[in-house]
Structures are given as structure tokens and as C-alpha cells.
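Visitor: So the protein sequences, as listed, match chains A and B. Each step along the first sequence adds one to the number in our numbering, with nothing skipped, and position 441 is 441. So the number in our numbering is just where the residue sits in the second sequence, counting from 1, plus 450.
The set of hints was computed from the structure by calculation and includes no laboratory data. As the structure is a computational prediction, the values presented were derived from the model and not from experiment. Mixed in with the good hints there might be a few duds.
[Said to hold, decoys possible] For lysine-lysine, the following DSS-like pairs were computed, each having C-alpha atoms within a straight-line distance of at most 25 Å: (1) A:K274 - A:K355; (2) B:K554 - B:K655; (3) A:K99 - A:K312; (4) B:K738 - A:K196; (5) B:K479 - B:K518; (6) B:K738 - A:K202; (7) B:K518 - A:K400; (8) A:K188 - B:K738; (9) A:K176 - B:K738; (10) A:K188 - B:K751; (11) B:K494 - B:K554; (12) A:K202 - B:K751; (13) A:K176 - B:K751; (14) A:K312 - A:K12; (15) B:K494 - B:K513; (16) B:K518 - A:K312; (17) B:K751 - A:K196; (18) A:K202 - A:K99; (19) A:K400 - A:K277; (20) A:K184 - A:K425; (21) B:K518 - A:K314; (22) B:K595 - B:K655; (23) A:K176 - A:K274; (24) B:K751 - B:K738.
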Amino acid sequence: MTTSHSGSARHKERLDSVAEDVLRNVRFNRGFILWMGFLSAVLLVCLYAYVIQLRKGLGVTGLRDITSWGMYISQFVFFVATSLIGMLISSVLGLIGYKWVKPIARIAEIIAVAFAAVAGLVIISDMGRPDRFTYLFMYGRIQSPILWDVTVVTTYLLVSLMLWFIPLVPDLAIAKDRLEGRPKLLVKVYEILSIKWVNHPKQVEILNSTIRILLILIVPLAFAIHTVTSWLFALTPRAGWDSSIFGPYFISGAFVSGTAAVIIAMYFYRKSYKLEKYLTDFHFEKIGRVLALVSIVYIYFNINEFLVPAYKMKALDSIHLQELFSGEYALLFWGVQLFGLLIPTILLLFRQFRKPLPMMVIALFVLAGSWLKRILIVVPPQAHPFLPVQNVPIQWVIYKPTLIESLVTLATLILVLMIITILSKLFPVLPIQELAEEENADLEKQEFNN
Amino acid sequence: MRSFFLVILTSLLLLPELKAQEWVVPDDKKGKLSTFSFDDNTRKAGLKIYTTNCMSCHGMPGKGNSLKLVPPPPDPVSQQFQKNSDGELFFKLQIGRGQMPSFKNVLSTDDIWDVISYVRSFNTNYKQLIMPVITSSAYPGSVIKMVLSYNQADSSVILETSAVKGLSSVPVTDAAVKLFVHRTFGLLPVDEEKTTDKNGKAVFKIPHSLPGDTAGNINVSARFTNEDVFGAVSMDTVLNSAIKGTAVSLVARRAIWNNMKNAPVWILLTYIIGLFTALAFIGLVLMKLRDVFIIGDTLSKGGENEVNN
Numbered sequence: 001m002t003t004s005h006s007g008s009a010r011h012k013e014r015l016d017s018v019a020e021d022v023l024r025n026v027r028f029n030r031g032f033i034l035w036m037g038f039l040s041a042v043l044l045v046c047l048y049a050y051v052i053q054l055r056k057g058l059g060v061t062g063l064r065d066i067t068s069w070g071m072y073i074s075q076f077v078f079f080v081a082t083s084l085i086g087m088l089i090s091s092v093l094g095l096i097g098y099k100w101v102k103p104i105a106r107i108a109e110i111i112a113v114a115f116a117a118v119a120g121l122v123i124i125s126d127m128g129r130p131d132r133f134t135y136l137f138m139y140g141r142i143q144s145p146i147l148w149d150v151t152v153v154t155t156y157l158l159v160s161l162m163l164w165f166i167p168l169v170p171d172l173a174i175a176k177d178r179l180e181g182r183p184k185l186l187v188k189v190y191e192i193l194s195i196k197w198v199n200h201p202k203q204v205e206i207l208n209s210t211i212r213i214l215l216i217l218i219v220p221l222a223f224a225i226h227t228v229t230s231w232l233f234a235l236t237p238r239a240g241w242d243s244s245i246f247g248p249y250f251i252s253g254a255f256v257s258g259t260a261a262v263i264i265a266m267y268f269y270r271k272s273y274k275l276e277k278y279l280t281d282f283h284f285e286k287i288g289r290v291l292a293l294v295s296i297v298y299i300y301f302n303i304n305e306f307l308v309p310a311y312k313m314k315a316l317d318s319i320h321l322q323e324l325f326s327g328e329y330a331l332l333f334w335g336v337q338l339f340g341l342l343i344p345t346i347l348l349l350f351r352q353f354r355k356p357l358p359m360m361v362i363a364l365f366v367l368a369g370s371w372l373k374r375i376l377i378v379v380p381p382q383a384h385p386f387l388p389v390q391n392v393p394i395q396w397v398i399y400k401p402t403l404i405e406s407l408v409t410l411a412t413l414i415l416v417l418m419i420i421t422i423l424s425k426l427f428p429v430l431p432i433q434e435l436a437e438e439e440n441a442d443l444e445k446q447e448f449n450n
Numbered sequence: 451m452r453s454f455f456l457v458i459l460t461s462l463l464l465l466p467e468l469k470a471q472e473w474v475v476p477d478d479k480k481g482k483l484s485t486f487s488f489d490d491n492t493r494k495a496g497l498k499i500y501t502t503n504c505m506s507c508h509g510m511p512g513k514g515n516s517l518k519l520v521p522p523p524p525d526p527v528s529q530q531f532q533k534n535s536d537g538e539l540f541f542k543l544q545i546g547r548g549q550m551p552s553f554k555n556v557l558s559t560d561d562i563w564d565v566i567s568y569v570r571s572f573n574t575n576y577k578q579l580i581m582p583v584i585t586s587s588a589y590p591g592s593v594i595k596m597v598l599s600y601n602q603a604d605s606s607v608i609l610e611t612s613a614v615k616g617l618s619s620v621p622v623t624d625a626a627v628k629l630f631v632h633r634t635f636g637l638l639p640v641d642e643e644k645t646t647d648k649n650g651k652a653v654f655k656i657p658h659s660l661p662g663d664t665a666g667n668i669n670v671s672a673r674f675t676n677e678d679v680f681g682a683v684s685m686d687t688v689l690n691s692a693i694k695g696t697a698v699s700l701v702a703r704r705a706i707w708n709n710m711k712n713a714p715v716w717i718l719l720t721y722i723i724g725l726f727t728a729l730a731f732i733g734l735v736l737m738k739l740r741d742v743f744i745i746g747d748t749l750s751k752g753g754e755n756e757v758n759n
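Same shape as in the complex, but just chain B (with noise of 0.2 Å):
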């Protein structure tokens, strides 16, 4: 009965979400395309993202282990999930919905692209259409090529741009790019979006308090903000450019997860003090039956005046 219940207030609470359950991407993005052939390896990246990023709520695929949300996320391998295009599945992975993260700032380009031929190696009937050359409508026929070189002096990172096309090369202007730094969980962006000049070049300010490695080492990535003028360009490189990180070890001072030896002071006085106190107070105790014990041993060897004294 009580599930009985259960079920019509579900059902009723969840009549909006039921009716959003299409989810419509739009037309110009369903069929975008990978630049780059579906491989063993980019299966194997693609597996790892996954297990980090999807795994949690979608399962395992094909073991139909998800996490009971509302709406369900998908089983990768079932019928609804690939029926989607490579577009569409790019474009739901990068912008979400609902309880569906996006992972925008988290994954790049290549890394959905991974996760997608990953996950299409469920699928027999799969076959990878790829998108012919890196080309932009805004040059058409060139490669897209990004450049980061890191500037001590003012602790500034420079991009420059460039479309290659035969021996031919001119700068790319007017493009919106954003630069990211790499952190553990994801891609933090830097400074503000930037628009390359005439020359190609887009400069961004690296803060100073901008923490690296124990090296002080950052790793970057730049990218246009729109990707379908300038397609899927983007480019990671390692600067030398952030402080060094103090990593402190989380052991080195008193703390409460430290070892004993380095427990914080005030559990150390407290206890010590506590049980201390306790142990006194039944030593007393202790003593005090003790005495009750002499006074009734003299008594009993005819002791009277030594006791009333």
C-alpha cells in the first residue's frame, strides 16, 4: 500500500520532468564530427574518463547498474543512448542538463571525443564518419594552428594563431580565445576572454598567486571560444610560469588524523588530565577502605584506645 503511494506521488511530482524527457540538440550540432579516427587508444582514454566522470551515475555498461535518478541516465549500451549521433552525444556531454553535468570546463574537445569512442565500442552496428580537415568557415581549406610561449618578465602567456594552408600561413584575427589552467578536477579559466589582433597573437595575465607544482610548473590550455568557426582547436602545453607550489605535508604538524606522538595539545591534556583525575579519586577511594580495614583488624586485636586516638 505504502509503495502504492509512493508511486503516485513520484508520479505526480515528476509529471514536468516526464514531459522535458525529450532532449532536443539543435540542428547545426547534430552532426558534428570527430577530427580523428576512432583507435584502441582513444578507446583506452576514453575508458578512463569515463570511470572518473560517468561511471558514477551511468554504471557499468551494459551491466545496467545506474544510478536510480530522475530521469534515469542511460545505460551506454541500450538502444536509447545510441541512437544519439556523434553530434548529439558530443553536444549532451558538453553542455548537460538537468542532473547531467556539463563538462564543458572539465573535459576538453578531444577528451568528449574519447569518451564517445569509448562508449561506441558497444556498438556493433557503429561506423565512424570523420570530419575530413580541421577547417574553418572563416578559412576555409586551412588547419587552425595555436602557439603558447610563456613571458617571465610580466608573467603573461601569449597565443598565437595561425591558418596553414599548402606553404601558406596568415594569423587568424578577431578570434575569441580563453585560456584554461589544469586542476585537479577540472579546467579553471584564466583571465578574461580574449580577442587576437591583427597579428594573430592574444596575450593573458597569469595571477601571481596562481600555485603550480613543487616545480611551479602549470599546465595550460588554450581554446576558441567558438568552435564551430574555427573548429575544434585546442592546445595544451606545460609553463614554467606559476609559484611553487608549497605542498606542506599533511602530517608534518600536530593534528587530529596525525599519528599519536603528534596529537593536538588539548586532546592530550584533556585526556591525560581526565583519566588521571578519575585514577586519583579511585586511589583514594582505595586508600580510604583501606583505612576502614586497619580500624576494624586493631579493633579486633583488642586495639580500642589506639583507634579513638
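Here chain A stands alone, though its shape is the one from the complex (with noise of 0.2 Å):
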């Protein structure tokens, strides 16, 4: 009777803890404002770079006849990529059993629910009739995979969202009554999402079930949406594309790109929200060894990818091919190849870079490089088509980003850290509830302290 007195007393501590540290960044301070009004100025300049596409039409950007998609379905592939570490981190790893991924897990999904979301209007920003999007539901065409991605990348977007919010239950309930000085609509919020959780045995039951379901649905769900997205390329016989291999290679790549984002978002919360009790070494250390370790996955698979093709060397897929070693995509192809993914990974596999701020500098160039690299999987294949190109001026068949074009790219991506920077200050990143009970990651961590 008394230790379990002691036991929930101790626990009660813990959660006061836990709550104050984890709830001390969710207001509305000063530089919070600045941030979200330098993010707005920035965007309020790349919407009128859309509204001036919006008039002129994609003749304003680099897109022509041949070259017909550039930036904005790069991006687009980038996005979807990026959010299907939701997936990896609470789902894969999470049901495995580590429960290093705890305090983590929400932080990714943050990074899902805002590339997700984001990635349909990236869409739309590269549709020169976007009042015509509706287009798509009247008349689509089920054969199509851009409905089939129209429809997994919605699905993925709810069932990531709704992964972020269940959790998050407990913690709006815990939170609430905490929330002294904040103004009264956010407490209102907080009362009304916190669907009246009591931390009932039967509540815990039921929410701990529905979580179960929706670990085990996302798996299914984000391999559709990425596998989908790689084959709006692989289902055309354009050399480049045509490859039986890019529904895996996406997926790798995607890994790849969003255990990057985790850990820039992880170093950025564990200095700005002061959370070095919570994200500590030892989760850097974990993630740093998962971007290791997909990351070689993602080499093998480029090794795949471009060998394959390359000692066979057929007419087409070679001008391609040598475009990209040794032509007009050399420099960049490279660069992706080793500053992006070659060198990272082989620093990761030392210890002494799997430390917050080597690591976050190798995750920004990991990052870089998966965008890039979705420039290079979507732009060189289209210059080199099936019919000769004839008859047109050359600046049609060379892509060239234009500014208005990069600008409405940019807007895309501020669109993601304001719902980032949203998400992460109305409510708590991390799960206030599972820390407090986290004994068991405790002991992990001791093990790796000794």
C-alpha cells in the first residue's frame, strides 16, 4: 500500500515536471511572433509571384513543351517523401518495440502532417488552370495514378493527422488545467479536443487500441502514397523513368530525406524549447544510427538504379545516362550523389558524429540533397523523348527555373514551417503522459550511459 502510494506520488512529481518543461513553449511569445511574421512577409512576396502566374500563365515559369515538369512536382515528390517519416519512426520502429522513439514519435509526425498537407497545393501551383482542379473528382480517371495519388495522399494526410491527435489526447487533458496566462480560446481548444479524457482504465484501453489500429493502417497507407507518387513516373516508358525499381527506390529515398527533417526539427527543439533533459544524446545517437542505416539502404538502391541501366547501356537510357555522369547534370548529379548521401553516411558511422550539431549539419545537407536529387529524377528524362525534337527554340528544351517559378516553390515551403511552427506552439511536441511513465526508456538509456 505505501509504495504504491510512494509509486504514484513519485509518478504525479514526474508529470509536473515533465508538464512545466514541455508546456513552458506553448504561448505566444516574441519570438514566435517575429518568426511567424517574417515567414509571413515572405510568403505575402512568393503569393504574388502566383498571382502574376496565376494572370500570365506557366509561361511565366521554365516549363514548356518538352520539359513540362520541373520545380513544382520536384517538390512535390520531395513533400510526400519527407512526410512518410510519420510512418517510419512512430509506426515501424514503434511497434518493433524502442521505446527511444517516444518522445520523438509526435515530433514526426508534425513533419507528416505538414509535408502532407502541403504537397496537394504544390500540385495545384503547377496547374495553369487551378480553377479547373475540381476537374479531377468530375471526371478523373480511375486508370489514372494521379488519382490514385490524389486519393492516397488525402487518405495518408487524415490518418497522419489523426495519428498526431490521439496521442495527444492525454496530454490536452493534463495540459489544460495547466495553462495559466495563455489566452482563453487556446484553454477552450484544449477543453474541447481533449474529448473529456479522464485517464480512465477504459478510456486508456480504447485509445491504446485505436492507436494500435492506425500504427498497423499507416504502413500499408505510406508505402501506397510513395510507391503511387514513383509511379506517376515509372508508369511511362520515358528512359529514366522506366524502371521496375522506383517504388522502393522512392521509399528508401524517402526515409532517407525524412529522418533528415526529424533531426533538424529534434536539434531546433532541444535548443530554442530547451528540452536537452528529453532529447538528449542518446536519442541523437539512435536517430543518427537510423539515418545510417537507411541511408545505405537508399546507396544500394542507387547503386541499382543507375548500374543496371548503365552496363546495358540501350540507345535511349545511355543519353540519359551519360547526361547525368558526364554531361549536362554531371556537377549536380555528383554532388547530390556524395555530398547528399556518400559522405553523410560514411561520417555517421562514427560516433563522434552522431552528436547533435555535427549530426544537424549533416542532416541539412542530406535534406538539400534529397531535393535535388528529386530535381534530378524528374527534369533529365523529359529532355530526351521518345520523338525527335524538332522545330522548337532551344531555351524549350532546356529547363530553367525562373524566379517567379522558384518564388512560388518558396511559398510551398514556408507554407510547411508555418504549420510546423503551428502545430508546435499551440500544443505540446512532446507526449507529456508517455514521458512521465517512461521507465522502461530510463533503463535504456542507462545502458547506454554505462
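The task is to assemble the complex, starting from two chains supplied on their own in separate frames and drawing on the hints.
Guide: Here you go:
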């Protein structure tokens, strides 16, 4: 009896301290207002660029008859890829039983939600007549991967949102009584969203089973979303896209960019939110290993994707591959492969580099490399279609993104940052309830420290 | 720097090509001439053929937008091109070399002359020389004629040839002849090469499986194999000899490319089952959230016992 009492007292104490640390950041301080103000100002400039595109048409971009998919579609692929991380962290690693993913899981879900939500908007930015967007649902063909893509992206967004929200419910209930000095409206929102949570054993049981259902559901969905995205390319016979391993190639690449995004976010939350106690070197060490592992898998797929056609050098493949290996795109291609993948992977094999700061720098390189890699996947294969390019001006053949196009692309990234900021400023970024109960994770951590 | 190496590399690779740059036409072919004079009609026909068969590599004449191949396909307006004699152009178009394809089985003799007539329209210094009469070395002074007829009974095509000189006419004997069928992208040889008999006749078998248009018509051409001996004589005709083309509409059946109503069943099923499974799970999750709410709501109203039961 006494032990149970002291146990629950210790739990209460721990809950209080975790709640205080995490909820400290749920406020609209000056940093938040300045940051959002800066993002809004940049967004306004970018939106003006979009207005120009809307009024004058896609001619203001570098997209032409030959290369009709450029930065926008690359950005879309990058966003879908990065959003896949929600599935890897909470679902795959979580279901295996790794306790260390607990404080990271919600960060991964925030990233998943933000990138998946804006991915759809990126597609609209690529449309010359966005007012006809609804035609997709009215006249869309079920045989088209584009319709499948819209379906899975929407479903994935919905389930990711649920996977962010449902584990948050107990925290909302904990937090709603500890929000002194915050706007009344925010407290009210917490009240409603906590759906009368009182931590009753029956509620806990239902919630846990619900989360389990979602964690399983998200796995096929995440595979579907990015495989279908790869099929937008691989279901055409175009040299460079006509690959039977595009699905796994895309998915393995997605884990790389997503893990890098999570590392950057972790580093930022740790520093700016002063969460060193919860996002420890131990967590960085672990996620660093994950990044090394998924990068090695991605390197393997890269070798397969390029070596197999390069060995055969079929007529049209060879034009495309030589453009990448020694032609127009050689600098970008080798730069991305070396500095965005190979060197980061080698560095991550050493323990010294799996510390927060060096890993954040490595992750920045990996993320930038991932973005450029999407350009390399989307753009070069279009320059060499099966029908000879003839009687067109040279600037129609060579794709050069314009300033307007770059600004509109930037706008979508700004939107992602805004969603991430809002989600992590209005709601706790770490799972309070789970961290308070985190006895097992402590054990793991002790082993690590010894 | 990179482009410098590329230039070196390509030059090395191209050395054998450069050596073969000179395209020598046999002397006896150089003087070959068209049997008809070039006029607006032939130029118009030539433009059409040029657009379909030549422009993809040689570009628009005078625009200098030919494909960057090795050796480069010359612009028809260029000096390099126009300095060829009619016979040389004819030979090059008909035989081809390297990446320049042979049009022997694609274009008839007249077609090739039409193209040459179009191409010559860009050369203001050009004066056409016409071969005076269609004659042959075998039948001097005669005009060679061909007649095609169709024998339904054994589905064969009979070719009758004759050399006409004034009012007299003699059969052309021991001449090698070929029969072609017009297909979408060129001429398809049918049966084997035949030699005309003592009556000037040759019989070609039409395969039963040969599809024609929806009315069962096929367009056939007969030609002498040796044009130098017999002159450029050929004959086109339409024969009702083939099986009727069963042109099934491409959208008649369920297919990937069809509209949504006629989508393949497997796609419909996969999509619908996949979507509804996901939606069912999402619905289930929402129901469970509702349960959580109801428990909390009941508890807040003091219904501890209700919940525990």
C-alpha cells in the first residue's frame, strides 16, 4: 500500500515536472510572433509571384512543351517523401518496441502532417488552370495514377493527422488545467479537443487499441502514397523513369529525407525549447543510426537504379545516363550523390558524428541533397523524349526555372514551416503522459550511458 | 574544360566516320534522270513526302534546324546538298547509308522524284533535264506497260507486261518483277520475286491472312526489279483480294486507355476495395474516439457505475 502511494506520488511529481518543461513553450512569445511575421512577409512576396503566374499562365515559369514537369513536381515528390517519416518512426520503430522513439514520435508526426498537407497544394501550383482542379474528381479516370495519388495523399494526410492527434488527447487533458496566462480561446480549444479525457482505465484501453489500429493502417498507406508517386513516373516508358524498382527506390529515399528533417527539427526543439533533458544525446545517437541505416539502403537502391541500365546502355537510356554521369547534369548528380548521401553516410558510421550539432549539419546536407535529387529524377529524363525534338527554340528544350517559379516553390516550403510552427507552438511537442511513465526508456538510457 | 574533353573524345570516336564522309555514287547512276518534268504538283507531293519522311532529321529547308547527328544531315538548301546531280540524289535517297535510311521499300520511284522536285525548288540555278522517253536497253524505243489483274479463285495477282512501240506491242519476257502491298509505313513485299514468262506474265500469290481495309481492298504495286534495264516503270492498283480488316474499335472493350466506365475490372476492384478498407478503418477509429468521449462524459456526470459495468 505504502509503496503504491509513494509510487503514485513519484509519478505525480514526474508528471508535474515534464508538463512544466513541455508546456513552457506553449505560448505566443516574441520569438514566435517575429518568426511568424517573417514567414508571413516572405509568403506574401511569394504569393504575389503566384498571382502573376495565375494571371499570365505557366509561361512565366521555365516549363515548356518538352520539359513540362520541373521544380513544382520535384517539390511535390520531396514533400511526399519527407512526410513518410511519420510512418517509419511511430509505426515501424514503435511497433517493434523501441522506447526511445517516444519523445520523437510526435515531432515525426508534425513533420508528416505539415509536408503531406502542403503536397497537394504544390500540385495545384503546377496547374495552369487551378480553377479546374475539381475536374479531377468530376472527370478523373480511375486508371490514372494521378487519381490514385490524390486518393492516397488525402487518406495519408487524414491518418497522419489522427496519429498526431490521438496520442495528444491525454496530454491535452493534462495541459488544460496548467495553461495559466494563455489566451482563453486556447484553453477552450484544449477543453474540446481533449474529448472528456479523464485517464480512466477504459479510456486508456480504447485509446491504446485505436492507436495500434492506426499504426498498422499507416504502414500500407505510407507505402502506397510514395509507391504511387513513383508510379507517376515509372508507369511511362520514358528512359530514366522506366524502372521496375522505382517504388522501393522512392521509399528508401523518402526515409532518408524524412529522417534528416526529423533530426533538424529535434535539434531545433532541443535548443530553442530547452528540452535537453528529453531529447538527449542518446536519442540523437539512436536516430543517427537510423539515418545511417536508411542511407545505406538508399545507396544500395541507387547502385541498382543506375548500374543496371548503365551496364546495358540501351540507346535512349545511354543518352539520359550520359547526361547525368558526364553531361549537362554531371556536377549536380555527383554533388548530390557524394555530399548528400555518400559522405554523410560514411560520417554517420562514426560515433563522434552522431552528436546533436554535427548530425544537424549532416542532416542539412542530406535534406538539401534529397531536394536536388528529386530535380534529377524529374527533369533530365524529359529532355530526351522518344520522338525527336525538332523545330522548337532551344530554350524550350533546356529547362531553366524562373524567379517566379522559385518563389512559388518557396511559398510551399514557407507554408510547411508555418504549419510546423503553429502545431508546435499551440500544442505540446513531446508526449507528456508517456514521458512521465518512461521507466523503461530510462533503463535503456542507463545501459547506453554505461 | 569538360566540353574540351568532350570535343576531343567525340573527334576520336568520329575519325572513321570522317574518313567515310565522301559518299560516292556509282558512275552509271549519276546521270539518272526523272521521266517527268517537275511542276507545282510534283513539288506539292514532294513537300508532303518530305514532311513525313525527311524533315525529322533534315529539318525545315533553309532553317538550319536539322538533327545533330554524325555525320550531320545536310540542309536541302545547302550547297553541299544541291551540288548533287539528280541521279546522285536519287541514288542516295533510294539506297541510304549509315543513319540515312534506305527508302527503297518506302517510296516509289515517282515519290523519290517528287521529293527531288521539291528540294530543287530551293535552287534557283537548277535546270531540270528530263529523260526523253521511257525506254529500256532491252526494248529500245519502246514504252513499257504493266497491267495488274486479280484472280479471285486462287487469290492471285496477275501481272502482264508489254513493250509498246508505235502500234505494235510485244510481251516483256524474262524480266524480274516484284509485287508490293501498301501498308501504313511503307511497302510490304508480297510473295517472291518472279520472272515474266514468254507471254510477259507473272503470277503472285496473295496470302489469305493479309488484312485489307474494312471493304477488303488492298493497294498493290508492281515493279521491275531491274529499273535500269526496263526503265522506271511501276503500277499501282487497288484490288479486292484481302480479307476484310476487322478493325475493332480500341475503345470497344474494357481497357486502361478507355473511359472510367470501361476501366479494367481489376483496377476498379483494387481501387474501390483499397479505398473503402482505409475509410472503414478511419470510421472505426472515429467510433472509438466517440466511445472515449462518452466514457468521459458519463464520468463527469457522476456515472461511475455505468462506466465500470
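Visitor: Which earlier hints can't be squared with this structure?
Guide: 3, 5, 14 and 19
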